[in-house]
Amino acid sequence: MRLPNTAYTSHPWRIHEFTSDFSVEDVWSFRTPGAGPGDFPAMLAAMLAAMRTAGGFAKQARPVKFLFALRWRLGALFGWDKPSAGVGARVASLRDRLPADLRDAPRGPDSESLPLKAVYELDTECARELANKTVHTVMHLGWARGANGDHELRMAVLVRPNGRFGRLYLTVIAPFRYLIVYPALTRQWERAWRDR
Numbered sequence: 001m002r003l004p005n006t007a008y009t010s011h012p013w014r015i016h017e018f019t020s021d022f023s024v025e026d027v028w029s030f031r032t033p034g035a036g037p038g039d040f041p042a043m044l045a046a047m048l049a050a051m052r053t054a055g056g057f058a059k060q061a062r063p064v065k066f067l068f069a070l071r072w073r074l075g076a077l078f079g080w081d082k083p084s085a086g087v088g089a090r091v092a093s094l095r096d097r098l099p100a101d102l103r104d105a106p107r108g109p110d111s112e113s114l115p116l117k118a119v120y121e122l123d124t125e126c127a128r129e130l131a132n133k134t135v136h137t138v139m140h141l142g143w144a145r146g147a148n149g150d151h152e153l154r155m156a157v158l159v160r161p162n163g164r165f166g167r168l169y170l171t172v173i174a175p176f177r178y179l180i181v182y183p184a185l186t187r188q189w190e191r192a193w194r195d196r
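Numbering (our numbering), first residue to last: 1 to 196.
One or more hints might be untrue.
Said to hold, decoys possible - Here are the simulated DSS-like pairs of lysine-lysine, each with C-alpha atoms no more than 30 Å apart in a straight line:
#1 K65 to K82
#2 K117 to K133
#3 K82 to K117
#4 K65 to K117
#5 K133 to K82
#6 K65 to K133
Just so you know, the hints here were simulated from the structure itself, not pulled from any lab data.
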């Protein structure tokens with residue numbers, strides 16, 4: 001379910017300390033019935049296990065597979081995803097901005113099935129990042145109390161577009177994210193919680 005940006009911005013997440021130059025693109029919640037305050041690590045483990053056993057995005061529904069295949073093909077054709085456009089090259093990693101206590105915290109595992117790389121992982125939140133010629137983006141996952149009292153997974157997507165082309169790119173892909181990609185992720189992640 002899509003949430004207003006304030007569901008993310010009003011919560012005292014640690015990530016607010018070093019992402020003031022990013023914009024909030026999306027905020028999404030996932031149903032995790034029966035979840036308690038300490039269940040965030042279990043949710044992350046279930047999500048990663050689901051991504052591994054499902055082969056990442058490769059085993060998603062056909063529309064999702066088609067969109068990602070198209071995106072990677074266009075990226076290869078136009079050079080959007082060259083290493084020179086990524087984290088550590090075109091943009092510095094968010095890890096370089098972390099306060100000392102977060103720098104010493106575990107990052108969480110990276111996975112070949114996820115193109116986003118781990119920045120940090122705490123008991124109630126984590127962040128992963130990706131950069132290319134279009135955007136520097138951060139996926140923030142947090143564990144927050146939902147309306148029914150249970151805790152739920154929340155995802156915020158933060159972006160820093162790369163110029164006019166990056167802004168245009170984000171505008172063009174928005175309908176595909178809302179209609180195809182996020183619903184597919186929702187199904188996969190909520191199923192991972194139920195099946196853990």
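Hint-by-hint comparison with the structure:
Between the alpha carbons of K65 and K82 the distance comes to roughly 21 Å, so the proposed pair stays at or under 30 Å and holds. Of the pairs offered as hints, the one joining K117 and K133 holds, with about 17 Å between alpha carbons and a cut-off of 30 Å not exceeded. For the hint pairing K82 with K117, the CA-to-CA distance comes to about 16 Å; that is within 30 Å, so the pair holds. Straight-line distance between C-alpha atoms of K65 and K117 comes to about 21 Å, which keeps the hinted pair within the 30 Å bound.
The straight-line distance between the Cα atoms of K133 and K82 is roughly 8 Å, inside the 30 Å bound, and the hint therefore holds. About 22 Å separates the Cα atoms of K65 and K133, which keeps this hinted pair within 30 Å; it holds.
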